[in-house]
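In case it helps, this note's numbering puts the sequence shown at residues 1 to 166.
Source of the hints: derived by calculation from the structure; they are not laboratory data. Among the hints, a few may not be true.
[What the hints assert, rightly or not] If you anchor each label on the Cβ, the simulated ranges turn out as follows:
#1 27 / 62: 16 to 26 Å
#2 72 / 135: 27 to 37 Å
#3 125 / 24: 24 to 34 Å
#4 57 / 135: 40 to 50 Å
#5 53 / 29: 34 to 44 Å
#6 151 / 68: 40 to 50 Å
#7 147 / 65: 34 to 44 Å
#8 49 / 104: 15 to 25 Å
#9 5 / 82: 29 to 39 Å
#10 148 / 53: 33 to 43 Å
#11 53 / 87: 31 to 41 Å
#12 68 / 113: 16 to 26 Å
#13 61 / 22: 44 to 54 Å
#14 13 / 87: 32 to 42 Å
As the structure is a computational prediction, the values presented were derived from the model and not from experiment. Even for Gly, the Cβ is constructed at its ideal location relative to N, Cα and C.
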Amino acid sequence: MAPLVILVLVTLVLAGLRAVGLTRVPAWPFAVQGGVAAMFTATGMAHFIGMREQLIAMVPPAIPAPELVITVTGLLELAGAAGVLWHRTAPWAAAGLTAMLVGMFPANVYAAIKGISPAFGDQLVPRTLMQLVFLAATVTVLAHHLRARRTSTAPATLDSPQSVSV
Numbered sequence: 001m002a003p004l005v006i007l008v009l010v011t012l013v014l015a016g017l018r019a020v021g022l023t024r025v026p027a028w029p030f031a032v033q034g035g036v037a038a039m040f041t042a043t044g045m046a047h048f049i050g051m052r053e054q055l056i057a058m059v060p061p062a063i064p065a066p067e068l069v070i071t072v073t074g075l076l077e078l079a080g081a082a083g084v085l086w087h088r089t090a091p092w093a094a095a096g097l098t099a100m101l102v103g104m105f106p107a108n109v110y111a112a113i114k115g116i117s118p119a120f121g122d123q124l125v126p127r128t129l130m131q132l133v134f135l136a137a138t139v140t141v142l143a144h145h146l147r148a149r150r151t152s153t154a155p156a157t158l159d160s161p162q163s164v165s166v
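From just these sequences and the hints, can you work out the full model?
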C-alpha cells in the first residue's frame, strides 16, 4: 500500500505546487513522472533494505535464483526511477518500468494466493487494482513523451511558421 501512497502523494504535491503558482514546477505530466520516480525509488530500495526477504519469498518456485532476481529487479527499478526524470530517457524508462510491472505481476499473484503477506494491500484484488494504477502512471509518462516527440519532429507544413522563409 505504501507505493500507492507515495505515487499519489508526490504526484498531488507536485501538481499542487504548480496550481498555487510556483511556475518552476512543470505541468501535470511532470507531476506524474515525479510520483513514478518516488514510488520506484522506494520500491527499488526495498529490494535491498527492509523487505528483501519478503520479496525473495514472493518469487514463484519455478523461477531460479530468486535472490538474483530481486537484486536485478531492484537495480532496474532504481535505474527506471532516475531515467524517468530525464527527458531523453523518460520514454525508455517508462516503457521498461511498464514491462517490469507486467512481468512481475505473477509474483504478486503467487504471493497473494500463498498468503505470503497478510496485509490487506497484498491480497489479490487490492494488489491488482494498485498494479493497474501503477501501470496507468507509467503509461501516462510514456504516452506524454511519445506525443511530445511526435509533435516536435513533425514535418513543417504550409501553415506552420517553420516553413516560412524570410
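Verification of the hints:
For the pair residue 27 and residue 62, the beta carbons lie near 44 Å from each other, so the given range of 16 to 26 Å is not met. Against the hinted window of 27 to 37 Å, the Cβ-Cβ separation of residue 72 and residue 135 comes to about 21 Å, which falls outside the hint. Our hint of 24 to 34 Å for residue 125 and residue 24 is violated, since their Cβ atoms are close to 40 Å apart. Taken as a hint, the range 40 to 50 Å is violated for the pair residue 57 and residue 135, whose Cβ atoms sit roughly 24 Å apart.
For residue 53 and residue 29, the hinted distance range of 34 to 44 Å is satisfied, since their beta carbons lie about 36 Å from each other. Roughly 41 Å separates the CB atoms of residue 151 and residue 68, a value that falls within the hinted 40 to 50 Å. Between residue 147 and residue 65 the C-beta distance comes to about 39 Å, which sits within the given range of 34 to 44 Å. At roughly 19 Å, the beta-carbon separation of residue 49 and residue 104 lies within the given 15 to 25 Å, and the hint holds.
For the hinted restraint 29 to 39 Å between residue 5 and residue 82, the CB-CB distance of approximately 21 Å leaves it violated. Range check, residue 148 to residue 53: about 41 Å between beta-carbon atoms, so the 33 to 43 Å window is met. Between residue 53 and residue 87 the CB atoms are about 37 Å apart, so this pair conforms to the stated range of 31 to 41 Å. Range check, residue 68 to residue 113: Cβ separation about 23 Å, and the 16 to 26 Å hint holds.
Range check, residue 61 to residue 22: about 50 Å between beta-carbon atoms, so the 44 to 54 Å window is met. Range check, residue 13 to residue 87: about 21 Å between beta-carbon atoms, so the 32 to 42 Å window is missed.
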